[in-house]
Amino acid sequence: MTLDPITLTVIQAGLQQVCDEMDLSFSRAAFSPVIAEANDRSDGIYSAADGSLIAQGSGGLPVFVGTMQYSTATLIAMIAEGRAAAPRPDDIYIVNDPYLGGTHLMDVRFARPFYRKGRIFCWLSNTGHWPDTGGAVPGGFSASATAVEQEGLRLPPVRLFKQGKLDKEIMAIIASNIRVAEQRIGDVKAQAAALLVGERRLNDLLDRYGDETVAGAIAELHERAAVQMRAFIAEIPAGSYDAVARIDSDGVIDEPLTIRLRVTRKGDGLVFDFAGSSPPCAGPMNSVRATTLSSVYLAMRHIFPEVPMSAGAFAPLRVTGIEGTFLDAQYPRPVSGCAAEVSQRIAEAVFAALVAPLPGRVTAAPAGTSGNFALGGHDPARGRDYVMYQISGGGYGGNGDHDGLSNGCSTIGISKAPPVEIMEQAFPVLYRRYALHEGSGGAGHHRGGFGLDYEVELRRGTARASFVMDHGRFGPQGALGGRDGACNAVTVWRSGVAHTPQHLSKEQDIALNPGDRVRVRTPGGGGFGDPFTRPPEAVLEDVRLERYSVQQAAQLFGVVVDGAPPRIDAEGTQALRGGRAGAGAATVSRRPR
Amino acid sequence: MAKERPGAVVGVDVGGTFTDLVELDQTTGRVRLAKVPSTPENQAFGVLHALKAAESDLAALDLIVHGTTTTTNAVLERKLAKTGLITTAGFRDVLELGRRTRPRPYGMTGVFKPLIPRDLRLEVPERMDCDGVVVTALDEDAVRVAGQHLVARGCEAVVVHFLHAYANPAHELRAAAILRDIWPNEHITMGHALLSESREFERGVTAAANAAVQPLLDRYIRRLVEELRKGGYAGELLVMNGNGGMVSSSRVALEAAKTVMSGPASGVMAAAYTGRRAGIGNLITYDMGGTSSDVALIRGAEPTVSNEVEIEYAMPIHVPMVDVRTIGAGGGSIARVNPAGLLEVGPESAGADPGPICYGLGGTQPTISDANVILGRLDARQSGRRGSVTPGDVQAIFARDLGAPLGLDAVGAAAAVIRVANLKMAGAIRMVSISLGADPRDFALFAFGGAGPLHACALARELGIPRVLVPARPGITNALGCVVADLRHDFVTTIGTPLDMLDESRLHRVFASQAGEGEALIAKENIAIRGLRRLYSVDMQFVGQTHLLRVPLDRPDVDRETLRHLFETAYFDRFRVELRDIRANLVNANCSVIGTRAELDLSALIDPGGRRAGMSEAMRTRRPVHLGGCWHDTPIYWRDHLPGRFTLAGPAVIEQMDSTVLIEPGDRARGDGDGNIVIEIGGGG
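Protein chains in written order, with numbering that gives the first Met the number 0: chain A, 0 to 592; chain B, 0 to 684.
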């Protein structure tokens, strides 16, 4: 069947609306603040034949771009092989196994077969980040886990809802193995209700346009999304582009992990070859196949936001060479860092490879860490135990049009940081500082954005501090002559003595007493273009606003500033910059439209 | 108190492009209207031009109510008074760091300019904890030094914003007292004064916005009052707030941030008023403009008010505002064919300049307005401001840019643009209404703005909305909102306790004190009111949740059991989820005190003397209009000539000075006593 482009557009918008309404329903009804406030969830529609992505909600967390198509594909295969129970109408499967097309254990997926006329027409699936799924540490981010069993409860695909009814026995097993279990029923119901919203709206769509028309449109839209991606790929000159990105350590063995990437444009497709990347690691900085692929897709979507979220758009992208590396870890490798940290480093490698051929579209490297600081302890004033999470942003990379944004959220997230006042209400801490990380933006024609500099003091009781962060050893990469952004820096002050985590950005269970302090300075973004071509007035403005010191202005940008109020010393600047001043600005091309 | 029933009332609303005026004389029944270009450099000129254009007799006017975009524009364009910040040591960057988001989920770029630059953000030693207990005493000398520094730097306004001042404002109060001795004017804003809730970024931005627009609004209003006095006006000038209520010009600058977004709010107030008189209490308002459209929800004739509006990326102004959501499609939205060969409409817009091709101002990209012209829905002459572009030119561009890649002719391409645009707008309206917990099918669509009534029937059909209400004057609805607005004060008090542990008498005392404060403020205004209304509600959630659900209360003296029942019912209605085993929290107690004004007669908005006896006399012409895939020979009526209580069946086009109403085949329209058009949506289409 051939469909006219207008009908295709109409059905594409209809499918998108179904997914967006699922997203909205899920986060509005969810209990977990991670889902409700941070939108750490995603909803989509998947093919009945192979689980490939048909449409996905536009409000979903970026890290989930395409991930559910792997878990749905695995589920379909397992059902066919008899390794998972056969579906019936109104069933909902639950699964969080990372090795079966997942991310980390905390991302719990639901999948619901969608029936038309007695046959499965497609699957509806969603993912929500549960605050806890058991394991060694509350929240699941153990920096020193060496096997997945230490990270939490692992669920193969089982039917949590059977013909519309919650299986209380399975729920009881889950509830007995996770923390704060009594509130999870709220998330379970919200997650299931969102799929029901999707089913209702998808039935409306099919009733209106007809099953055959919609099925035909889905197939055609898949093809056209590929055409659209190929048109964008055509902006990249043929050739190969190499990049390296490094992770500080795996949290267990203090050695860097390396991502080696070669992006090759072959015809109208791109090959992302990760051969030569580090082997699987002992600690939790492993990635699983689904997360690695999704990380490439999300990076490409940051570069080309116009591309629809559909398996067709990913078809021209081929990922190779991950077998045997830490980007394709197998059971029982620990994986809790895959979604929060490794995924961002994969994206950084993609940005670093493609910024040269696409300088109008790609930025220098962003801070690229979720900045996870967990504090667990006992509050004697309230007589209760607590776990506090401080997740923080960092600077974005400079780009062809502008300086990088300061204190932006992680590459894979879209969530808001909690206010200091709310943290202090909930936990026995006092923030001494919540400020711009001065000097952290990587120097460039367009400099990187600045990171965050916060310091928090324990007021009462004892507590243990844990850190799962990154970019402590290597700053976010500058591009096209720009300098790297400043590194992440953690300092723990115990009884007035400074302690730096052994792995710089990762350590678990540092004991704290009242009055002890933790200071975290998050990375700045990479600079974009030669810093010696940055207009001296812009450098002066940064000095005037105390973002860089006078010394940094001279060293990093070749601009001499002196006096009070500060002024540009034109001769001194000329002497430092030599013939480079003013050149190079024209080499930065603007974003094509 | 002023006299019970004012004679002549003027509402004047300054919009981005036009300044609109409506004058209702309740004694003579006379109505005057004016639409003149806005004067952005000093909006007062536009106001005076409008009064002149309407031939209003300033000396004979009893009341002028003014909606202004002075503060909205100042914030959005960052054309602000030079403002300083004095804040807690360690926290001067809060206003710049925000809540670490980015403007869009995809694309690692973004630009953010804080309201106060870093060199004017100064720190002083002081610290409260979250219980309002002093951790570090206020360094008063440091406040003085900081204040003197800011004065020396030429700051016109200053914000004092300390951590946890909502829990204990003592340090902010003391610092403000110190500053009063050295500050050259009255423009001192304390962080806790407008919004006494936790969340330092939101509270700080709200206070900073207030301070940074205060001198501008103050100057503007003083100048306007002076000009009006010179013209002989002796009455009161009231100014619209974003909550849809109004305050006297003498007090408005004190809480200047409350006037932000007052323009869209007044349109919604007019909709609520018009709907109530027409017997339609539940409305979705749809104001379609050039670059975007505004959507709001009215339930039981009460507009939805929110305390958490973010007026742009990272710019939360947390004072009560009518919850108007902007969707990215307007008459100027550009249509194009993407590399996948699919038609896209928006989000890019041709704006007002160059605007759509049909404006003849140099626009070359096909827009929704151009599609309406090609399809005969919009009169080519009416849409254009210059005559330099012919309908043939517009068609040629559609055929080339859209038709060729889609395999359609110009008309087919235009019809496709309208279909896709309507679908997109309907989807966005649906998302707004479900995010507010409403099913659009339970509402009528109130369509206004220049283009709203042109798309209303199609949108209603797409959304399953049974009825459309088009007011008498769609293009001056905001000005009408000024005329009909009430006096209104909103209060939010954070209680924050599990429902089991709620002290009922404390809740009752909070409500009583909120109501008392509101009544006292209304009594201070020199405005006649017909009565006082008090609306009570609570914000609740289940323990462990972060979202709040607003639960309206019929009466303030509720007990715990009633609250629990009302919350669980409201929760189930919204989410279809029952959670019997989880406890509830009561977070906020809210009260709105409304001084209702005398009922106004709207029946003369369309001059009864101009109406013709029959439909045929009201018809201007007929022309082919493309609807539902084919051309219809369609009667074109002139709105002002329609008989009082007419009925007609679509297709029909009703044109008027400020808008065009399109009634599609299968729909039936009738006129009501206030000059509204009520359209019953048929099944077809």
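Misleading hints may appear alongside valid ones.
[Said to hold, decoys possible] Listed next, the in silico DSBU-like pairs over lysine-lysine satisfying Cα-Cα at most 35 Å (straight line):
#, chain 1, residue 1, chain 2, residue 2
1, B, K229, B, K78
2, B, K78, B, K112
3, B, K51, B, K112
4, A, K188, A, K161
5, B, K34, A, K415
6, B, K523, A, K415
7, B, K523, B, K78
8, B, K51, A, K415
9, A, K188, A, K265
[Unchecked claim] Coverage of chain A stretches by chain B, computed from C-beta distances (three or more under 8 Å per stretch; other residues unrestricted):
#, region
10, 153-162
11, 171-185
12, 274-281
13, 463-472
14, 497-509
Source of the hints: derived by calculation from the structure; they are not laboratory data. Each residue gets a CB set at the ideal place from its N, CA and C atoms; glycine is no exception.
How the hints compare with the structure:
| no. | hint | result |
| --- | --- | --- |
| 1 | B/K229 / B/K78 | holds, 29 Å |
| 2 | B/K78 / B/K112 | holds, 12 Å |
| 3 | B/K51 / B/K112 | violated, 39 Å |
| 4 | A/K188 / A/K161 | holds, 14 Å |
| 5 | B/K34 / A/K415 | violated, 43 Å |
| 6 | B/K523 / A/K415 | violated, 41 Å |
| 7 | B/K523 / B/K78 | holds, 32 Å |
| 8 | B/K51 / A/K415 | violated, 50 Å |
| 9 | A/K188 / A/K265 | violated, 46 Å |
| 10 | 153-162 | violated (count 0) |
| 11 | 171-185 | holds (count 5) |
| 12 | 274-281 | violated (count 0) |
| 13 | 463-472 | violated (count 0) |
| 14 | 497-509 | violated (count 0) |
This entry does not satisfy hints 3, 5, 6, 8, 9, 10, 12, 13, 14, going by the numbered hints stated previously.
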